[in-house]
Amino acid sequence: METGKEELRIGVFVCHCGFNVGGVINVPAVVECAKTLPNVVCAEEDLYMCSSAGLSLLKERIKKYNLNRVVVASCTPATHEPLFRKACEEAGLNKYLFEMVNIREHSSWVHMHQPKEATEKAKDLIRMAVAKASYLEPLIEPELEINRSALVVGGGIAGMTAAVSLARQGFSVHLVEKEAELGGMLRYLYKLQPTGRDASEILRKAVTVVKAHGNIRLHTSTLVQEVEGFFGNFDVRLQKKYSSELEQINVGTIIVATGAEEFKPMRMYRYKENENVVTQLELEQLLKKDALKKPKKVVMIQCVGAREKTGRTYCSRICCMVALNNALLLKKLHPTVEICILFRDLQTYGENEDFYHEARKRFIDFIRYDPDEPPKVTLKPDGKLTVTVYDAYLEAEIEIDSDLVVLSTPLVQHDDGRKLSSILKVPLGSDGFFFEAHPKLKPVEFSSEGIYVCGTAHGPKDVTESIAQACAAASRAAIPMAVGKVKAEAVKASVDKDICVNCDACEVSCIFNAIDALPFGLPNVIEANCKGCGVCAAECPMGAMQLRHFKDQQIVAAIEALLKPKKLVSFGGSFEPIILCFACQWCSYAAADLAGVSRIQYPSNVRILRVPCSGRVDVLYVVEAFLNGADGVIITGCLIGDCHYIDGNLKAKSRVDVMKKSLTALGVDPERLEIGFASSSEGQKFASMMTDFVEKIKRLGPNPLRVKEGGD
Amino acid sequence: MHKIVTKRELVSHINLFEFSAKEIAAKTKPGQFVILKVDEKGERIPLTVAGADVKKGTITVVCHEVGKTTRQLGSLKEGDCILDLLGLLGKPAEIGKFGTVLCVGGGVMVAPLHFQAKAFRETGNVVIGVIGARTENQLIFEGEMREVCNELYVATDDGTKGHKGLDFLRDLFKERRIDRVVAVGPIVMMKTVSELTRPFGIPTIVNLIPIMVDGMGMCGACRVTVGGKTMFACVDGPDFDGHQVDFEELTARLKMYAPQEKLAFVFHEKGERSL
Numbered sequence: 000m001e002t003g004k005e006e007l008r009i010g011v012f013v014c015h016c017g018f019n020v021g022g023v024i025n026v027p028a029v030v031e032c033a034k035t036l037p038n039v040v041c042a043e044e045d046l047y048m049c050s051s052a053g054l055s056l057l058k059e060r061i062k063k064y065n066l067n068r069v070v071v072a073s074c075t076p077a078t079h080e081p082l083f084r085k086a087c088e089e090a091g092l093n094k095y096l097f098e099m100v101n102i103r104e105h106s107s108w109v110h111m112h113q114p115k116e117a118t119e120k121a122k123d124l125i126r127m128a129v130a131k132a133s134y135l136e137p138l139i140e141p142e143l144e145i146n147r148s149a150l151v152v153g154g155g156i157a158g159m160t161a162a163v164s165l166a167r168q169g170f171s172v173h174l175v176e177k178e179a180e181l182g183g184m185l186r187y188l189y190k191l192q193p194t195g196r197d198a199s200e201i202l203r204k205a206v207t208v209v210k211a212h213g214n215i216r217l218h219t220s221t222l223v224q225e226v227e228g229f230f231g232n233f234d235v236r237l238q239k240k241y242s243s244e245l246e247q248i249n250v251g252t253i254i255v256a257t258g259a260e261e262f263k264p265m266r267m268y269r270y271k272e273n274e275n276v277v278t279q280l281e282l283e284q285l286l287k288k289d290a291l292k293k294p295k296k297v298v299m300i301q302c303v304g305a306r307e308k309t310g311r312t313y314c315s316r317i318c319c320m321v322a323l324n325n326a327l328l329l330k331k332l333h334p335t336v337e338i339c340i341l342f343r344d345l346q347t348y349g350e351n352e353d354f355y356h357e358a359r360k361r362f363i364d365f366i367r368y369d370p371d372e373p374p375k376v377t378l379k380p381d382g383k384l385t386v387t388v389y390d391a392y393l394e395a396e397i398e399i400d401s402d403l404v405v406l407s408t409p410l411v412q413h414d415d416g417r418k419l420s421s422i423l424k425v426p427l428g429s430d431g432f433f434f435e436a437h438p439k440l441k442p443v444e445f446s447s448e449g450i451y452v453c454g455t456a457h458g459p460k461d462v463t464e465s466i467a468q469a470c471a472a473a474s475r476a477a478i479p480m481a482v483g484k485v486k487a488e489a490v491k492a493s494v495d496k497d498i499c500v501n502c503d504a505c506e507v508s509c510i511f512n513a514i515d516a517l518p519f520g521l522p523n524v525i526e527a528n529c530k531g532c533g534v535c536a537a538e539c540p541m542g543a544m545q546l547r548h549f550k551d552q553q554i555v556a557a558i559e560a561l562l563k564p565k566k567l568v569s570f571g572g573s574f575e576p577i578i579l580c581f582a583c584q585w586c587s588y589a590a591a592d593l594a595g596v597s598r599i600q601y602p603s604n605v606r607i608l609r610v611p612c613s614g615r616v617d618v619l620y621v622v623e624a625f626l627n628g629a630d631g632v633i634i635t636g637c638l639i640g641d642c643h644y645i646d647g648n649l650k651a652k653s654r655v656d657v658m659k660k661s662l663t664a665l666g667v668d669p670e671r672l673e674i675g676f677a678s679s680s681e682g683q684k685f686a687s688m689m690t691d692f693v694e695k696i697k698r699l700g701p702n703p704l705r706v707k708e709g710g711d
Numbered sequence: 000m001h002k003i004v005t006k007r008e009l010v011s012h013i014n015l016f017e018f019s020a021k022e023i024a025a026k027t028k029p030g031q032f033v034i035l036k037v038d039e040k041g042e043r044i045p046l047t048v049a050g051a052d053v054k055k056g057t058i059t060v061v062c063h064e065v066g067k068t069t070r071q072l073g074s075l076k077e078g079d080c081i082l083d084l085l086g087l088l089g090k091p092a093e094i095g096k097f098g099t100v101l102c103v104g105g106g107v108m109v110a111p112l113h114f115q116a117k118a119f120r121e122t123g124n125v126v127i128g129v130i131g132a133r134t135e136n137q138l139i140f141e142g143e144m145r146e147v148c149n150e151l152y153v154a155t156d157d158g159t160k161g162h163k164g165l166d167f168l169r170d171l172f173k174e175r176r177i178d179r180v181v182a183v184g185p186i187v188m189m190k191t192v193s194e195l196t197r198p199f200g201i202p203t204i205v206n207l208i209p210i211m212v213d214g215m216g217m218c219g220a221c222r223v224t225v226g227g228k229t230m231f232a233c234v235d236g237p238d239f240d241g242h243q244v245d246f247e248e249l250t251a252r253l254k255m256y257a258p259q260e261k262l263a264f265v266f267h268e269k270g271e272r273s274l
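Heads up: the sequence lines are chains A and B, in that order.
Per numbering that gives the first Met the number 0: the first sequence = residues 0 to 711.
Per numbering that gives the first Met the number 0: the second sequence = residues 0 to 274.
Hints are computed from structural coordinates only; laboratory data are not their basis.
Glycine included, each C-beta is placed from N, C-alpha and C at the ideal position.
All clues stand as given, with none of them false.
Distance ranges between label pairs, derived from CB positions: (1) A:234 with B:74: 45 to 55 Å; (2) B:74 with A:495: 13 to 23 Å; (3) A:364 with B:255: 57 to 67 Å.
Turn these sequences into a full structure, and let the hints steer you where they fit.
Shown next, in the form of structure tokens:
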């Protein structure tokens, strides 16, 4: 045993959760079963383990029985693990010697009408947890100092807002802007909705505040050239444009507010061929400078270069409002001007709807066009423009003579944003914008700790939204800086240098650059950069690289504990397959929880084993599972593109593809292995995946490696 | 069929083999490699030769158990046979009279380096040896290297023996005139040595064994980029100018079949115990 000679003393506590667990699962029977498991010296039940009475019982039993491992079978660790871990710590037990079993969301709530099966499942899940607990090791969470200063990249309205917010909270801020002047996109905008105020007025006020604040150091005409170090202690090299001047600064946190640029629709709708074809932003420039000749007939075309079938598939969110706003401004300026907006779908959510009604009142025309038959802009011999559009409602082609065509184009990522993404090693989404760690739980953070995002760098937004998001990013960045130090995760990779064969697989597989290979090939884990996904451990051919708290022996012990007692298969009666499901601790585990919360029933054959990331699932586990008689193995992870470790789920998928080709060598049908993806909001999808997989395995029959009863 | 005349465990999971291969032994030169196949369904693996005995008619290879095939090889005993031994492959190392030659070897590759170091010494060069490993108990051929080198340095990644890492070489390059550097070992070691010699302009030769199939220039699996040009390690190498090699690409290409390799190894290990 890893922890040496120490005698294992495991305590198991099963929670009734009132009627939630106890109403379905036979808790006393589960407790009796737990008592028979290896090294279990105490197994008890309680009505509510999370109540103060329950926690007192836990602490009291740890002391009374001198427990050195604790397993609680109750609800989801997502909500209650911290509570039980804290109780263990209070009783003098390292919190990593605690293991949690989810018999509510993953059993009693999803098998409400199958008390017998739900009870058996609960026993199995506890078997697995007790086996894993036997191999758990105490871990220490290192403390990191946080430099109380921030770098804000980008001096647009989002960057300025974030910088001022942090400065006012007493932190020193380096605000870096690539242009000579602050303001970003706001410098080019004209009137802002819903107030109709001048953008320049808002800009002037914001710039004054930034420049006057003593905590803000402004670096204009400056680019971020290099970033090294980690959360709390980033070394940043700034490069002054048009000069070789370099400056080195150190900051604790970084906010990305680099904005976006307007897509220039080259070779579309005669843009740049004719001066009367302009983009919305160019129109605002003309209005701002009062340089627009009074037009008679204006045509605006929406979704130019946006919502395409490939490439820029996204909706730019703000263009419908921008078009309405500019159309109303033109009407106000020149009441006789005729305006026609050609749209695909008008998206004027919330109060913006009022502007649409206002536009209709002012006789602005709206014509819906079909993206398969987009409008055409032609040049007549007299130099005038004609827009031809197929009106989907009239089912007829319409020609509109026009002296000004305005194209609504999406916001897009710019080169400097893409460069910064690779400098900071933070991801861009498929739309090219910066990609947050989690759309709901970490909406302004990256998965690399200490780096945040706001404004249009993150995706198209209006000024109001950019300001709100900047405030959010600043407040999130302020948390670690206010505390001054953070406890780093203890779940990190570590290498056994005696087993390692210096093959580099771990270094190559780490997307966070947390592994450096030393000259003779020994991997050096940079703990501050390690996120604890375990992809490197799964890639290590020798098992030399391991992820603490999710080591091979810990996981294999759980797999064996589940399957070994069931290797004997009986062919009497109906076949009930045993299915092992690996669930990543983020989305797919949460989806399974949501299926429970929503009481979506699915077959009870599935046993869920939590792993940090689907990318942690080692081919060894799958082989072990099948050799020990699993009838099916399903690996579940976050949706492709949503992995909390960027591409762990893709690595899992490619491993599954490889394994499927080879499983026949073991005598196992490749159909017994599957990978599925679900977001945390897809409880129904998770349940359906499980139902379908169980059905499929039922059709396939038992794993041929299971020993037949009475035979050999 | 080629008989294992000698098998000796140097350190845990690193074995020295002498295979009977009379024709190959007669022509073996340092820097070249052979491709062997353990059995009929076996994978072909390239191994750099670490010596030959013309009288006995044997060649020497030292092999680290890093996966299925090398583990299979490691389980064979003296007197057992392997099915095929193909060689010699690749160009021999250039063993000229250069003056002072620094020979850097890492891990299992210290053995073939020793073969070269010996040849350099016999040709009249002053040979400075540097050998290393991840950790002390993985170090091989220290005695053999001491015999053929004028002086020998030892290094480990974790500092359990000798110098910690290779940074000490920088001082050596500042103080001594070194005419040629030969680096044979893990890719990261060859890359590190090449980066250390670059500012001093010392010609640096590295020995590359990427993924190979035929070893005779037909399949292209072993392609490496050297000085922007595509080369085949099997016929254009395995020795190349370390300052010109694209090591990043080489590392990535070597990992191309990592999941398959791991799965084969797990099957092999589990097969022995459970199947």
